[in-house]
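Residue numbers (our numbering), protein chains in the order written: chain A, 1 to 399; chain S, 1 to 359; chain G, 1 to 516.
There could be a bad hint or two in this list.
[As the list claims (entries may be wrong)] Facing chain G, according to a computed beta carbon distance under 7 Å, are these residues of chain A, among others: (1) 257; (2) 260; (3) 264; (4) 265; (5) 270; (6) 300.
[To be verified] Under the rule of at most 30 Å between Cα atoms (straight-line distance), these lysine-lysine pairs were calculated in the BS3-like manner: (7) G:230 <-> A:267; (8) G:427 <-> A:267; (9) G:496 <-> G:230.
Keep in mind that the hints were calculated from the coordinates and are not lab data.
These numbers were taken from a predicted model, which means no experiment stands behind them.
Glycine included, every Cβ here is placed at the ideal spot set by N, Cα and C.
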Amino acid sequence: MSTPGRPASSRHLLGVWIRSLLWTFAESVVAILLAVVLGGIGIFLFSGLLPNHSAFDLGLPIAAYGALWSGALGYPNGVGSTLSYATPLILAGLGVGLGFKAGLFNIGGRGQFLMGAIGAMAVVTLFGQSLPGLATIVLALAVAAIFGGFAGFIPGVLKATSGAHEVVTTIMLNYVFVFATYWAISGPLRLPHSPQPITVDVGTRASALGTINILGWNLLGRDAHWGVLLAVLGIPLLWFLLYRTTLGFEIRAAGANSDAARYAGMKTRQLVVLTMSMAGALCGLAGGTTLLGVVHQIAPGYDTTIGFDAITVALLGRSNPIGIALAGLLLGGMRAGAQSMQISPGVPGELVDALQAVILLFLVINLLRRWRAMRHVDAPTVAPAEPYGLGAVPAEVSE
Amino acid sequence: MSDIPGALDAIPLLGILFQLFGYVLANLQYVSNTTVAVAVPITLAALCGVMCERSGVVNIGLEGIMLTAAFVGWFVAAEAAGAMGTGTPLPYFGITMPLVIGLVAALVAGMAVSLLHAWLSISLRIDQIISGTIINIGAAGITGYLYSLISSQSLVGAGQFQKLQVPPGVVDIPVVGWLINAIFDQGPIGLVTIVIVVVLQIMLFRSRWGLRTRASGEHPRAAETVGIDVVWLRYRNVVASGALAALGGVWLSMEQTGNFNAGMTQGRGFIGLAAMIVGRWTPLGAFGAALLFASVTGLSQSLTISHPTGDLGSLINGVPGEFWEALPYIITIVVLAGLIGRSIAPAADGQPYERESAS
Amino acid sequence: MTGEAASIPALEMRGITKRYPGVVANDHIDLDVRRGEIHALLGENGAGKTTLMNILYGLARPNEGQILLDGQTVEIAGPSDAIGRGISMVHQHFMLVPVLSVAENVVLGAETMANGVFLDTREANKRIAEFAARFGFALDPEAKVGTLSVGQQQRVEILKALYRDARILVLDEPTAVLTPQETEEIFALLRKLADDGRSIIFISHKLYEVLAVADRITVIRRGRVIGERKPGETSEAELAELMVGRAVELTVDRGESHAGAPMLQVEGLRVGDDRHEAVPNATFEIRAGEILGIAGVAGNGQDELIEALIGLRKPSAGKVRLGDLDVTGFSPRAMNEAGVGYVPGDRHRFGLILAFPVFDNLILTSYYRAPFARGSLRQDSAVLESADAQIEKFDIRVPSSTVATSTLSGGNQQKVIVAREFDRPLKLLVLDQPTRGLDVGSIEFIHRQIIAKRDAGTAVLLVSAELDEVMEISDRIAVMYRGRIVAEMDGRTADKSQVGLLMATGGDARPEEARA
């Protein structure tokens with residue numbers, strides 16, 4: 001077995017990679033199917049709580065899932081809506097996945113998303129009338145990334161300097177940024193002379209991301225906007241960063257064993273700050289595209305479920321950019337379908353939130369078995385290898 | 001005394017700080033009961049964290065446990081009230097049968113969710129942070145879904161637990177009056193929480209259970225070699241502690257208010273985790289930290305009740321209201337970042353324990 | 001001891017077999033231990049000694065075989081069952097909770113209660129004091145275990161056994177981290193316990209120790225009993241051959257050192273963390289082509305010294321020169337580029353990323369340089385090519401460089417580190433217990449590589465809490481005590497007990513402190 005001759009490296013690598021890919025895919029499908037079944041049982045059990053429905057209505061789950069299916073995949077508007085929902089999910093999912101690769105658990109997607117939206121809004125409010133539309137959009141998206149990046153930078157710095165665990169600090173910051181959003185729309189970004197605290201509509205400043213339109217033809221229905229391109233671009237870029245560059249190697253090394261990375265001469269503290277900032281920037285971009293492409297203005301009570309959604313996407317996608325793209329499309333489809341499901345049989349859209357948890361639950365339970373069975377490198381890690389003692393102090397001494 | 005502030009006017013910042021101190025001294029006693037009350041759910045979450053982490057299991061699912069219990073307690077009590085009527089409340093705390101049934105259901109629900117966390121993290125040994133996150137996502141999703149279903153029915157709740165009626169004169173007793181008022185002007189869960197803090201503190205450091213719990217969290221293999229069943233002990237601690245976090249959730253939906261709202265825990269589970277860390281994994285310390293975080297809420301409430309005058313008043317007028325709402329979260333981050341280096345977690349905290357070495 | 005009682009062994013293990021996936025850890029092992037006997041279990045790392053004792057202690061279940069206590073067949077269900085039957089174990093890595101007190105550690109799992117709820121600390125303290133007086137050692141029951149010396153911690157472990165009325169006491173490699181004097185003391189204590197009628201099982205791979213202390217020696221190799229000997233009727237050479245399965249040179253021939261000009265010069269080095277100065281003032285030098293071994297009880301500043309030399313800690317004072325270059329305060333990467341190689345003591349934590357493939361671990365310190373990177377882009381073909389070459393050169397037994405490093409054996413994992421750190425011209429090589437926990441073959445291989453590196457003109461710093469390793473291959477030995485180099489001597493002529501005394505006392509031979 002252990003012949004030290006010439007190992008067939010690249011062929012071996014490819015075989016292992018394909019096999020593990022198939023495994024991973026099959027596993028995810030199983031988890032999703034199980035969750036769908038359990039969700040159906042849930043709908044069935046509580047159907048009596050819905051107005052105009054008898055208790056234990058067997059038809060309701062079927063009607064609900066039917067509506068979900070057509071809402072997500074109907075052409076062209078369903079598909080367009082799915083892509084539109086998937087865009088921020090993929091961007092924020094890449095942000096959370098990048099954190100996982102570096103051994104960081106970024107639960108601050110919600111706050112970073114909101115900061116991104118505020119940043120983009122600020123650009124539109126300040127420059128929307130003086131700059132041409134495209135310039136405003138580019139600048140707004142850049143500022144969204146910077147604002148989101150700053151929101152990630154704070155917990156990164158806190159972790160690097162004091163060891164405060166990012167799980168607690170990002171969640172606390174989420175609430176801070178929610179209140180910051182309220183303040184922004186009732187103060188500096190408030191539309192003048194409006195009766196309620198609300199911002200300007202980016203459409204009125206020619207700064208909205210338009211519907212994807214080729215020679216007058218809405219290829220992907222009315223909801224798909226040009227921001228989709230950002231997600232399409234982000235996927236290969238992040239993959240390239242992680243697997244083809246030395247910085248990506250450092251990020252993955254620090255995530256898998258930060259002590260060994262530090263002993264090998266990598267600057268692990270700087271990596272923490274940098275990775276959290278990049279993760280925040282991706283989530284901020286998610287906020288920026290959503291603002292410019294979908295919601296167009298920030299009204300009171302504006303909030304997002306992107307924080308948790310992005311965690312689901314990153315875990316389901318195994319922190320791998322391609323996996324994240326697929327998971328983002330799946331969850332985007334669920335979100336899009338939930339809209340029509342809520343309208344027609346009246347099943348609340350929160351079902352998708354519950355389904356996410358169940359998918360993840362089946363995923364991790366299944367993963368364990370795999371963990372033991374698969375002993376090859378390319379077995380994707382669902383979670384960073386770093387142990388997560390809350391409040392553990394980094395053993396850093398000097399830098 | 002009266003001429004000192006005048007003298008300090010030359011140094012604006014110091015003067016304002018001095019005014020703030022005087023203001024707090026004059027007003028905090030009137031909001032101290034609120035402060036203790038606000039600290040109750042944070043404390044309960046923190047105690048749940050202490051019990052789990054002292055035995056070596058990180059539990060960030062506190063938020064989800066609380067939310068689940070808040071919903072189950074409120075919903076079951078409401079359904080019970082609908083089925084059997086509320087009946088005459090007992091003379092103390094406004095206790096009714098439906099409320100008790102709701103409370104019990106909530107505790108059971110909290111422990112059931114904890115059992116899931118215990119199974120995932122102890123038996124399956126999956127990453128404990130991931131497990132806790134799944135619980136948080138699931139609790140938010142399922143309670144949100146059910147609440148959304150129910151809200152179309154305009155379900156009437158079963159009311160809420162009442163505070164112990166402290167005689168009105170007590171608060172004016174010199175020196176200790178405000179303290180007595182702060183502690184006893186609470187509902188049943190608030191009072192029980194204070195008792196639990198003291199009992200748990202003693203048990204953790206003086207009892208057999210406490211010794212074994214601490215040993216399991218620091219060096220599980222050492223505990224195993226002297227015959228302690230670490231897996232079983234961790235299971236018991238995690239499941240039992242679920243009742244504590246559940247009590248915190250019930251406080252929100254059945255003692256502070258009589259209503260449930262989607263996402264009503266508002267990060268209290270995580271503030272509880274921070275309180276646990278700042279309180280160095282001891283019940284008393286966690287309570288102290290929870291009081292610190294709660295006092296910010298008390299202070300901002302006091303500012304709306306009696307607005308300070310002078311420079312301080314004008315300064316506070318310039319601060320947007322959102323700032324006061326965000327302040328407890330900001331303080332949590334600042335204290336956490338400032339203290340964490342000196343607060344050391346149990347050595348085996350968050351590490352899955354494997355019983356047998358394969359060598 | 002009456003004749004009849006002595007004829008029935010206190011413990012008998014018959015035909016014990018334990019299989020793990022892919023290995024037979026114990027293959028029909030027979031072992032008997034008499035009352036009042038010190039019975040040594042001799043074998044290499046991985047021979048199956050620990051598995052056998054885990055079976056005795058109920059931590060593992062045998063696939064076949066019987067255990068008899070005083071002639072009665074028993075099933076041992078778990079540690080508490082074993083304890084209840086009078087079996088106690090002192091593990092190689094102490095099973096003590098550092099933040100708990102001596103008394104708390106001793107009573108843990110066997111607590112007596114004052115009134116059903118609270119622990120009876122008074123009773124516990126009383127009993128601890130009794131045992132301590134009877135067997136002649138002093139321990140403060142209130143002291144936190146984490147503050148005690150290694151020797152004292154071992155006594156706490158023995159106290160735990162006595163507190164539980166152990167009649168059979170198993171000690172797994174008890175002398176691994178002790179000074180020779182502490183070893184003597186522990187042997188005396190074991191003899192007292194045996195004379196008290198208890199049976200001692202003494203696990204070791206050190207030949208001279210089992211010859212010195214045991215009444216009988218059972219040798220195990222690859223899960224099988226190879227032979228049984230009495231100390232008077234055997235020799236180190238015979239035991240070594242039994243243990244390894246072939247005639248072995250007991251020490252690697254370190255050859256002649258042709259030391260050149262000073263390569264590493266450390267002057268007045270001060271290293272400290274927030275609380276205390278671990279290294280207040282260290283001055284020494286290593287010449288090119290010389291191995292300097294640092295002997296010292298663990299925790300006397302060796303870790304901090306190493307971290308300063310590889311750039312992980314900034315010294316607060318002093319100078320470090322490497323050849324003609326002042327490298328004081330260099331970062332780890334700058335040190336690496338200046339020609340410093342490093343093999344960490346805890347390879348899993350500091351040396352390897354176990355989840356990564358072997359080829360990534362082989363470039364962990366050079367990934368950013370040509371040919372492995374061009375600009376900031378990785379060059380995978382160069383990485384794989386170099387990995388294959390190193391796997392061949394350093395005889396790393398692995399099916400392919402793409403497998404996860406976690407799937408390798410300990411010896412092969414260490415070879416990955418050695419390949420990474422040794423396979424380039426070096427000025428200084430820093431080694432922290434480079435052979436800990438390895439089998440004899442890997443130890444030999446690594447020692448040869450170290451000597452080859454020395455002969456190529458590298459200055460080598462070897463730090464180890466195991467005095468044997470330091471004595472074996474060092475050209476020069478420096479003794480470190482409380483962060484200072486208290487003595488230096490020639491490696492070939494150094495006297496072991498003298499080194500041990502220096503390790504324990506720092507030279508001002510105060511016997512009280514030797515025991516502390």
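Right, here's what the structure says about each hint:
Because the smallest distance between the Cβ of residue 257 of chain A and any Cβ of chain G comes to about 4 Å, under 7 Å, the interface hint for this residue holds. Taken as an interface hint, residue 260 of chain A checks out: its beta carbon lies about 5 Å from the nearest beta carbon of chain G, inside 7 Å. Among the interface hints, the one on residue 264 of chain A holds; its C-beta lies about 4 Å from the nearest C-beta in chain G, closer than the 7 Å criterion. With a cut of 7 Å, the hint placing residue 265 of chain A at the interface with chain G holds, because the nearest CB-to-CB distance is about 3 Å.
Because the closest C-beta pair between residue 270 of chain A and chain G is about 12 Å apart, greater than 7 Å, the hint is violated. Look at residue 300 of chain A: its Cβ only gets to about 46 Å from chain G, farther than 7 Å, so that hint breaks. Between residue 230 of chain G and residue 267 of chain A the alpha-carbon distance is near 56 Å, which puts this suggested pair outside the 30 Å criterion. Proposed proximity of residue 427 of chain G and residue 267 of chain A is supported: the alpha carbons are some 24 Å apart, at most 30 Å.
Taking the CA atoms of residue 496 of chain G and residue 230 of chain G, the gap is about 25 Å. The hint holds against a cut of 30 Å.
Hints 5, 6, 7 from the earlier list are contradicted by this structure; the remaining hints agree with it.
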